[in-house]
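*Asks:* As they're listed, the protein sequences go chains Y and X.
Just so we're aligned: 331 in the numbering used here is position 331 of the first sequence, and the numbers increase by one with no gaps anywhere.
Position in the second sequence (first residue = 1) + 423 = the numbering used here.
Think of the hints as simulated: they come from the structure by calculation, not from any bench.
Misleading hints may appear alongside valid ones.
[Claimed, not checked] Calculated lysine-lysine pairs in the PhoX-like style (CA-CA distance at most 25 angstroms, straight line): (1) Y:LYS159 - X:LYS470; (2) Y:LYS258 - Y:LYS315; (3) Y:LYS298 - Y:LYS105; (4) Y:LYS415 - X:LYS576; (5) Y:LYS19 - Y:LYS211; (6) Y:LYS211 - X:LYS576; (7) Y:LYS28 - Y:LYS258; (8) Y:LYS160 - X:LYS576; (9) Y:LYS410 - X:LYS470; (10) X:LYS576 - Y:LYS215; (11) Y:LYS28 - X:LYS576.
[Stated by the list, open to error] For each label pair, taking beta carbons as the anchor points, the in silico distance ranges come out as: (12) X:LEU455 - Y:GLY191: 54 to 60 angstroms; (13) Y:LYS343 - X:LEU455: 29 to 35 angstroms; (14) Y:ARG117 - X:LEU561: 42 to 48 angstroms; (15) X:TRP563 - Y:ALA154: 30 to 36 angstroms; (16) X:LEU455 - Y:GLY69: 21 to 27 angstroms; (17) X:LEU436 - Y:LEU31: 46 to 52 angstroms.
[Claimed, not checked] Listed next, the stretches of chain Y that the computed footprint assigns to chain X, with coverage defined by at least 3 CB atoms under 8 angstroms from CB atoms of chain X: (18) 85-97; (19) 308-321.
Cβ atoms here follow ideal geometry from the backbone N, Cα and C, with glycine treated the same way.
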Amino acid sequence: MQAVVDDFNASQNRIFVKKLAVSEMLRKLMLATAGGNPPDVAGIWSSNIPDFAEKGALTPLNKFIDRAGINSNDYIHIYWDQCASHGFMWALPSTPVSLGLHWNKKLFRDAGLDPNRPPQSLDELDAICDRLTIVDIDRGGKTVRVRYTELTDAEKQAKKFSLVQVGHLPTQPGWWIPMWVNWFGGNLWDGDRKITANSPEVLETFEWFRKTSDKYGIDNLRRLGATFGNFASPSDPFLAGQVAMELQGVWMYNFINKYNPQLEWGAAPFPAKHPEKFPVTFAECDALVIPKGALHPKEAFEFIHYINTQGPMEKLCLGHRKFSPFVKVSDEFMRNHPNPYIKVFIDMAKSPNARYVPRLTVWAEYNDEMTVAANKVITLVATPEDALDEVQARIQWRFDRVARRWDAIKDERMKEWNSYDPR
Amino acid sequence: MTRGERRNLWIGLAFVSPWIIGFLAFTLYPVLASVYYSFCDYDVLTKPIWVGTLNYHDLFTDSVFWKSLYNTFYFAAFVLPLGLVIALLIAVLLNQSLRGRPIFRAIFFLPSLVPIVASAMVWWWILNGNFGILNYALSWFHIRGPQWLADEKWTKPSVILMTLWGCGNTMVIYLAALQDVPRSLYESAEIDGANPWVKFRHITVPMISPVIYFNLIMGIIGSLQVFAQSYIMFSGGMLGGSGVATSAGGPNRSALFYTVYLYQCAFDFHQMGYACAMAWILFLIILFLTWVATRSTRKLIFYAGE
């Protein structure tokens, strides 16, 4: 980002942009905006846009965008769409991501699997997982290391083994627990005022979670989990070869390259429940916004516009080892891109089955609640039905409260947004 | 008031004005504002909307509110008595004349000097179910230690254990009080043939009872406001994987304490009005318990001055 900022500063002599790296970014942005002293431009996650927009923390960009002649068709539509909320545009994309299955080719080969063939269906994933899972088990007083497929039925039943390596865990890395419903063709809300946390597809997703502990045992999973190192370190379980397959973002290349460049890996779309809806992915982007009350909105947009031109955008995205949110990319970009699977991620983002986080102002709570529910289901504290009924009730209640507030202020807000003119 | 006196008053007020202004702007105003916000739907960025007692009504039916309250009381029920007794025990031991006493005092006080963030990280490793030294130590006794941080049955005991490790502050206050007990009382008791337990029970405890009371009150306040340990150790999956999915407050919110939920509501979910209502309920709970503690111990406390 700094290199692109320097380019911008060098390209003209009216505006000088200073980049600040901030931790706890969202919290600080919220408080700075509430206090009337925000930065001119801020980078947030696209999933934060609905919440920040509805709370009146952002400046609507429609008039800027129209005047600058920026065309939505130039963008991969999932990224453009995410910058909109309540009929206004609040941001323009910067670096985008999509998620795909990453697999460890060496572990596939060791298990006698074709290292170049990722699983094509969830059933195949399941079968492959059994082959890739390795356990230590006590047989006649001696600890032996065997594959899960080599266990007897009685041993599988008793679960008196400890896990050394697993094929795949839906909880690893565990950052997008509710987003798994995409792969089961489900929705987390109806697009209006109703949460659909206990719909059949979501239930199916949670049944799928439970299969993991049915098969491997809760205590075994907990003990394996305690051996996992931090993400962004060589002891990350995928990089260390403890987990053979993981759903990860396009950024994973950076970490492989940094912490385990020897790793033989591949990336492909993660198999979906309904083969006709393929490929499925979850796509998000970093988004550049102008907080409400920013002192230099026109200059701020000039900078955002600069980033949103092909050259600087490709420089930025190449620096991040991501792909460009534009439909059109230069041959040079593709040629110079170090990630050998970059096209896989671009194609997934363009898929009609790419999904993003529900445009809900209660998403933070929803995500939290779903993760708690997943834990209850995996540790067999609750059935998927009970756990999800509770999520449904809680989040619907929270959502009703937020909707009530929105109804009370929306006329005023709409008037304010419609009349906003940067001129 | 003469002119001189009035002048003096103004000068005096001017000198304390930094404190007065600070108190009014940064303490009194926020406190009063939070009362108002607790009756509002307030998300920090939008202007507050009056909703009457809705937040308080919602709290009574919010299962997570009750769970966090239960977790906090559970924590306090162990930490408060255990903390008071263990700190007193250590203080009495460190009050004996033995070689290297200053070193022992320093060692026992040291944990309370360690920032809670650092000690939480250390305990995070000590309690690791596979590599932690606690389970390693248990294995000497052929006990297979639990998954302290991943099993919801063990998360609260983990935080309790870790908190008791830092009871040095309480201990130091006891120690100071113990040194104030007049030697002459012990000497006359010894002449009468009192054994160490009788001396402890009938001289030491009554003489330091105001300090025990002080530590009790501080303990009630402190333990009901427990925050950092849980917030850091169970921050929701960022510290490596878990195998079973965890979010704030640990597995199945088993270590979600009241203030952690309050913080979540305020700063993660932007429900500031709701969080203000929670804060006032906690204040009333602490006020009530302090009142109960004061009333019920009134006759047991001996003030030497009276």
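*Asks:* CA of LYS28 (chain Y) to CA of LYS258 (chain Y), is that 25 angstroms or under?
*Replies:* Answer violated: LYS28 (chain Y) to LYS258 (chain Y) is near 30 angstroms, above 25 angstroms.
*Asks:* Has the hinted range 46 to 52 angstroms been met by the Cβ atoms of LEU436 (chain X) and LEU31 (chain Y)?
*Replies:* Hint violated: Cβ distance 32 angstroms, outside 46 to 52 angstroms.
*Asks:* With the threshold set at 25 angstroms, check whether the alpha-carbon distance from LYS576 (chain X) to LYS215 (chain Y) stays at or below it.
*Replies:* Since the Cα atoms of LYS576 (chain X) and LYS215 (chain Y) sit roughly 22 angstroms apart, the hinted pair holds (cutoff 25 angstroms).
*Asks:* Taking only the CA atoms, is the gap from LYS19 (chain Y) to LYS211 (chain Y) under or equal to 25 angstroms?
*Replies:* Violated: LYS19 (chain Y) and LYS211 (chain Y) sit about 47 angstroms apart, past 25 angstroms.
*Asks:* Given the proposed pairing of LYS28 (chain Y) with LYS576 (chain X), does the C-alpha separation stay at or below 25 angstroms?
*Replies:* Roughly 35 angstroms separates the two Cα atoms, so the pair is violated.
*Asks:* Range first: 54 to 60 angstroms. Now tell me if the beta carbons of LEU455 (chain X) and GLY191 (chain Y) are that far apart.
*Replies:* 41 angstroms, violated
*Asks:* Is the distance from the Cβ of LEU455 (chain X) to the Cβ of GLY69 (chain Y) consistent with 21 to 27 angstroms?
*Replies:* Since LEU455 (chain X) and GLY69 (chain Y) have Cβ atoms about 51 angstroms apart, the given range 21 to 27 angstroms is violated.
*Asks:* So if I understand the rule, the pair passes when the alpha-carbon distance is 25 angstroms or less; does LYS159 (chain Y) with LYS470 (chain X) pass?
*Replies:* 56 angstroms, violated
*Asks:* Is LYS298 (chain Y) within 25 angstroms of LYS105 (chain Y), Cα to Cα?
*Replies:* Roughly 50 angstroms between the alpha carbons, so the hint for LYS298 (chain Y) and LYS105 (chain Y) is violated.
*Asks:* Are LYS410 (chain Y) and LYS470 (chain X) close enough, with their CA atoms no more than 25 angstroms apart?
*Replies:* 13 angstroms, holds
*Asks:* Take a look at whether the Cβ-Cβ distance between ARG117 (chain Y) and LEU561 (chain X) falls inside 42 to 48 angstroms.
*Replies:* Hint holds: Cβ distance 45 angstroms, inside 42 to 48 angstroms.
*Asks:* Taking 30 to 36 angstroms as the stated bounds, is the beta-carbon spacing between TRP563 (chain X) and ALA154 (chain Y) within them?
*Replies:* 32 angstroms, holds
Hints 1, 3, 4, 5, 7, 11, 12, 13, 16, 17, 18, 19 from the list above are not met by this structure, while the remaining hints are.
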